[in-house]
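Enquirer: The primary structure of each chain is shown beneath.
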Amino acid sequence: MTNSIYSCMKCGTCTGACPSGRVVAFRTRKIVEDHCNGEIDLGDESLWYCTTCYNCMERCPRHIDITDDILGLREQAYRAGKALSPHLKVLGYLHKTGHAVPINEKVADKRASLGLSRLPPTTHSYEDALEEVRRILEGEGVSGE
Amino acid sequence: MSKTFSFFLGCLIPNRFPELEKASRFVCDALDIGLEEMEGASCCPAPGVIKSFDKTLWYKVAGRNLSLAAAQGNDILVLCNGCYGTLKDVSMVLREDEGKLGMVRDSLSTIGRTLPYVPDVVHIVEHLCFDYGFEEIRKRVTSPLSANVAVHYGCHLLKPARYRGFTSFEDPTFFDELVETTGARSVPYLEKNSCCGAGGAVRSGLKDLSLDIARKKAASIKGADCIVTPCPFCHMQLMEVSEIPVIYITQLLGLALGGTPEDVGMEGPL
Ligand code: SF4
Ligand code: SF4
Chain P
1 MTNSIYSCMK CGTCTGACPS GRVVAFRTRK IVEDHCNGEI DLGDESLWYC TTCYNCMERC
61 PRHIDITDDI LGLREQAYRA GKALSPHLKV LGYLHKTGHA VPINEKVADK RASLGLSRLP
121 PTTHSYEDAL EEVRRILEGE GVSGE
Chain E
1 MSKTFSFFLG CLIPNRFPEL EKASRFVCDA LDIGLEEMEG ASCCPAPGVI KSFDKTLWYK
61 VAGRNLSLAA AQGNDILVLC NGCYGTLKDV SMVLREDEGK LGMVRDSLST IGRTLPYVPD
121 VVHIVEHLCF DYGFEEIRKR VTSPLSANVA VHYGCHLLKP ARYRGFTSFE DPTFFDELVE
181 TTGARSVPYL EKNSCCGAGG AVRSGLKDLS LDIARKKAAS IKGADCIVTP CPFCHMQLME
241 VSEIPVIYIT QLLGLALGGT PEDVGMEGPL
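Going down the list, the sequences are from chains P and E.
In this text, residue positions in the first sequence follow my numbering: the first is 1, and each later residue adds one.
In this text, residue positions in the second sequence follow my numbering: the first is 1, and each later residue adds one.
In case anyone wonders, no lab produced these hints; they're calculated from the structure.
Just so you know, even glycine gets a beta-carbon here, dropped at the ideal spot from N, CA and C.
Just so you know, nobody snuck in bad clues.
When the alpha-carbon atoms are kept at most 20 Å apart in a straight line, the in silico SDA-like pairs for lysine to any residue are as follows:
no.: 1; chain 1: E; residue 1: K55; chain 2: P; residue 2: E75
no.: 2; chain 1: P; residue 1: K106; chain 2: E; residue 2: E262
no.: 3; chain 1: P; residue 1: K106; chain 2: E; residue 2: E19
no.: 4; chain 1: E; residue 1: K55; chain 2: P; residue 2: G92
no.: 5; chain 1: P; residue 1: K106; chain 2: E; residue 2: M236
no.: 6; chain 1: E; residue 1: K55; chain 2: P; residue 2: Q76
no.: 7; chain 1: E; residue 1: K207; chain 2: P; residue 2: L84
no.: 8; chain 1: P; residue 1: K30; chain 2: P; residue 2: H63
no.: 9; chain 1: E; residue 1: K55; chain 2: P; residue 2: L42
no.: 10; chain 1: E; residue 1: K55; chain 2: P; residue 2: G141
no.: 11; chain 1: E; residue 1: K100; chain 2: P; residue 2: E140
no.: 12; chain 1: P; residue 1: K110; chain 2: E; residue 2: P261
no.: 13; chain 1: E; residue 1: K55; chain 2: P; residue 2: V142
no.: 14; chain 1: E; residue 1: K216; chain 2: P; residue 2: R27
no.: 15; chain 1: P; residue 1: K82; chain 2: E; residue 2: K55
no.: 16; chain 1: E; residue 1: K216; chain 2: P; residue 2: A17
no.: 17; chain 1: E; residue 1: K100; chain 2: P; residue 2: E75
no.: 18; chain 1: E; residue 1: K216; chain 2: P; residue 2: G16
no.: 19; chain 1: E; residue 1: K207; chain 2: P; residue 2: A25
no.: 20; chain 1: P; residue 1: K96; chain 2: E; residue 2: E39
no.: 21; chain 1: P; residue 1: K110; chain 2: E; residue 2: T260
no.: 22; chain 1: E; residue 1: K207; chain 2: P; residue 2: D44
no.: 23; chain 1: E; residue 1: K55; chain 2: P; residue 2: P86
no.: 24; chain 1: P; residue 1: K110; chain 2: E; residue 2: R25
no.: 25; chain 1: E; residue 1: K207; chain 2: P; residue 2: Y93
no.: 26; chain 1: E; residue 1: K55; chain 2: P; residue 2: Y78
If we take Cβ atoms under 7 Å as the criterion, some of the chain P residues that face chain E in the derived model are:
no.: 27; residue: C50
no.: 28; residue: C53
no.: 29; residue: H87
no.: 30; residue: V90
no.: 31; residue: L114
Please model the complete structure; the sequences and the hints are all you need to start from.
Expert: Take a look at the structure:
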């Protein structure tokens with residue numbers, strides 16, 4: 001069972017469970033409250049402080065899907081053109097290679113020295129497979145630019 | 001042969017840590033677990049960035065990877081908590097949400113692929129603990145180890161719990177038991193169940209914050225010879241902050257199953 005963010009009772013369990021909140025000023029409970037009040041700033045970098053560990057969501061006594069809610073806010077931020085540039089770069093790699101983390105020469109050599117195929121049998125080895133992935137991405141408006 | 005899986009490599013294992021791929025192939029071979037290559041598989045796609053940006057895209061690219069395994073008639077074996085977080089969660093959603101399943105099938109039809117059924121997605125640790133079984137592994141251990149190990153579970157092996165269900169996430173023990181089949185001992189530490197800080201696109205976007213989270217975790221480890229991980233992303237993260245070696249589960253198992261350091265992609269013995 002899942003409840004809406006408006007059922008939050010401000011207990012702070014989420015904030016107490018948060019690995020990011022222990023090292024920076026990031027308060028999960030405040031995100032929920034700001035979202036209820038329509039006061040989320042989509043350009044605020046702290047939306048990207050969540051590691052998606054799910055501790056808050058698992059422990060929330062009101063059964064609010066907090067992590068999923070934060071992911072929803074990030075999606076809005078992305079659509080509003082407020083994604084962080086390193087993340088856009090990852091999306092670019094996915095379009096270019098089919099991998100968020102593509103291979104490089106050094107690792108290809110290492111693979112060979114370990115007795116593995118120089119390139120893995122993924123989109124790195126199959127151009128038509130990469131084309132399929134690109135078609136899906138382009139269908140969602142990702143051009144790789 | 002006990003069971004054959006479609007073998008999902010992901011990104012970090014083949015493209016950054018091929019030694020972990022080698023160790024995993026060695027262990028599956030030693031345990032008679034069949035692996036069929038998923039030719040043309042892509043990134044799962046990465047739950048941090050892609051799930052944050054666009055869930056529709058996340059479902060569709062994951063759906064394509066699922067369709068490759070369905071064409072082989074297998075379940076999928078993954079080596080990474082991130083790949084598990086994507087492929088397992090998507091598989092569970094597609095089973096309970098016909099609308100999303102229809103959307104994924106429509107998308108696949110535009111690239112000439114189909115998803116006749118939704119394959120099961122299994123993490124290698126999950127398979128070894130809950131299907132293969134500790135007893136069977138113990139029978140095959142020929143070189144018992146004596147190391148003290150700090151076990152790291154990571155987050156997405158256990159959560160979201162609604163899509164896992166094999167254990168409680170608060171104080172799990174199955175991975176410790178797996179590690180101990182090798183003869184090694186799992187030692188307790190304060191931050192054992194804490195996040196490594198890499199996930200959710202934090203490492204790729206905000207590396208300092210991400211490493212601060214990892215440092216807190218690593219600093220609480222006492223009396224261990226090494227950290228053992230079930231995930232190349234946690235692995236990479238902990239390697240950067242740990243004073244003791246970080247070893248992937250199939251490297252540890254591989255040594256106990258009689259492998260040489262070379263067989264499991266290690267430079268020397270434990
Ligand atoms: S744990 Fe749940 S109920 Fe408590 S403050 Fe956080 S969101 Fe609100
Ligand atoms: S899921 Fe995100 S907000 Fe929730 S506890 Fe983990 S890091 Fe904090």
